[in-house]
Amino acid sequence: MKAAPFDHIAATSAEHALQLLGEAGDDGMVLAGGQTLVPMLAMRLARPSVLIDINGIADWAGIDVSGDAVRIKTATRQTAALKSDVIAENLPLLAKALPWVGHHQTRNRGTVGGSIAHGDPAAEIPLVAVALGAEIKLHSQTAARPVAADSFYQGPMMSDRNEDEILVEIDFPIWRDAGRTGAGFHEVAERHGDFAVVSAGAQVLLDDAGVCQKAAIAVGGVSGTPARLRDAEANLIGNVLSENLIDEALTGIGDHMDPADDLHGSADYRRRVARVLIGRALADAVADAGGSLS
Amino acid sequence: MSRRDISLTINGKATTGVAEPRMTLLDFLRDELHLSGTHMGCEHGVCGACTVIVNGEPIRSCLMLAVQADGNTVQTVEGLCQEDGEPGLLQDAFRDAHGMQCGYCTPGMLMSAHALLQENLSPSDEDIREAIGGNICRCTGYTQIIDAIRLAGERMKEQGS
Numbered sequence: 001m002k003a004a005p006f007d008h009i010a011a012t013s014a015e016h017a018l019q020l021l022g023e024a025g026d027d028g029m030v031l032a033g034g035q036t037l038v039p040m041l042a043m044r045l046a047r048p049s050v051l052i053d054i055n056g057i058a059d060w061a062g063i064d065v066s067g068d069a070v071r072i073k074t075a076t077r078q079t080a081a082l083k084s085d086v087i088a089e090n091l092p093l094l095a096k097a098l099p100w101v102g103h104h105q106t107r108n109r110g111t112v113g114g115s116i117a118h119g120d121p122a123a124e125i126p127l128v129a130v131a132l133g134a135e136i137k138l139h140s141q142t143a144a145r146p147v148a149a150d151s152f153y154q155g156p157m158m159s160d161r162n163e164d165e166i167l168v169e170i171d172f173p174i175w176r177d178a179g180r181t182g183a184g185f186h187e188v189a190e191r192h193g194d195f196a197v198v199s200a201g202a203q204v205l206l207d208d209a210g211v212c213q214k215a216a217i218a219v220g221g222v223s224g225t226p227a228r229l230r231d232a233e234a235n236l237i238g239n240v241l242s243e244n245l246i247d248e249a250l251t252g253i254g255d256h257m258d259p260a261d262d263l264h265g266s267a268d269y270r271r272r273v274a275r276v277l278i279g280r281a282l283a284d285a286v287a288d289a290g291g292s293l294s
Numbered sequence: 001m002s003r004r005d006i007s008l009t010i011n012g013k014a015t016t017g018v019a020e021p022r023m024t025l026l027d028f029l030r031d032e033l034h035l036s037g038t039h040m041g042c043e044h045g046v047c048g049a050c051t052v053i054v055n056g057e058p059i060r061s062c063l064m065l066a067v068q069a070d071g072n073t074v075q076t077v078e079g080l081c082q083e084d085g086e087p088g089l090l091q092d093a094f095r096d097a098h099g100m101q102c103g104y105c106t107p108g109m110l111m112s113a114h115a116l117l118q119e120n121l122s123p124s125d126e127d128i129r130e131a132i133g134g135n136i137c138r139c140t141g142y143t144q145i146i147d148a149i150r151l152a153g154e155r156m157k158e159q160g161s
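Protein chains in written order, with the numbering used here: chain A, 1 to 294; chain B, 1 to 161.
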């Protein structure tokens, strides 16, 4: 299993990378960590004539707080994100999800932006981006535009990104409201670190009385894109969360899902597992926020 | 595509070779440099047999291009041996604890274990499982591999004290 021939150019700056991609058009692909792209090359599912390597662009790696968001530059390694105090303090759901991303050996190369740009419907980081309403920044040689995460994805591995654009940064909103924020993340995979069959994440904000003030819930692996569960969120907000309330909020949740049947699980299995995992993620989120399910 | 000159440090030695852009670090090590200790398993990042350490971090050498490793520091399983080619401490621990059967996954297991023990000489079984979670072994059932890594950590501590 060897890749077809291609050229490799190490971009030396953001401008250089954008210029190279602009020139290459749809013959060019951006190489970040390569943990998904290199297997696709090996299996010849991708046949670019040139790879534009962005690993050497210092401006495109790093994590910081910018206003009310944590700004993660595209080529930030997943390991760096996992070890980041900024993420641990400000983005509880992302912090909970990152240990589920691949294996130690793939996180050392794999990037946050690469995972989001690739858009596997069961991947953890895109799920968190959709759940929290992250903003994705796309640059081309001539323009820059932000896209909301939940309108970024159009299908499995399909996004709103144009062929001359590079995803340069993701801004994850910080919940600064008064109260206690907690998060939970669960998934089912054949082996820890493998592609998830179904994944679910939840983040909640509880006030001093234990009333849910904000909720963000998303599920992966049950449709072509990660799906935010706004109806379920609305049913939780304004209430003291209990097992019964969560159970009611999740009733019929599978009816809105359109999962695939494949060798890893039937569509029915995915719907049932999704509901269970969302419930567990919510229970963990409440406990993480110092609450208890009455 | 044109072949590129690659210079890197492998197991402490400055090394050069030539690779076309599509050549993985794995193929470069095995076919260009004849360091065949690193094993080729799935070639798409699933099995972990090709694990090597680049700039101090364990990575899958089938998922990194040789051209990307230019200027980097790489450690392979050959680098775990003693200078006379005899097994090093970690390899001895795998032998003593029967941490292998067919041996195919062993180079990758050793490199993942080595990376763990560089940071933690007293890993819990959970730490060890996490460290080798990306390495597949179809023979042992993993238990003896975990024993071997724990044993190596103990021996390294004794040696250090």
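In short, the hints are calculated from the structure, not lab data. Treat the hints with care, since some could be wrong.
Unchecked claim - Straight-line Cα separation of at most 25 Å, DMTMM-like style, residue types lysine to aspartate or glutamate; simulated pairs:
no., chain 1, residue 1, chain 2, residue 2
1, A, 83, B, 83
2, A, 83, B, 126
3, A, 2, B, 27
4, B, 157, B, 83
* Asked: Which of the listed hints are broken here?
  -> Failing hint: just 1.
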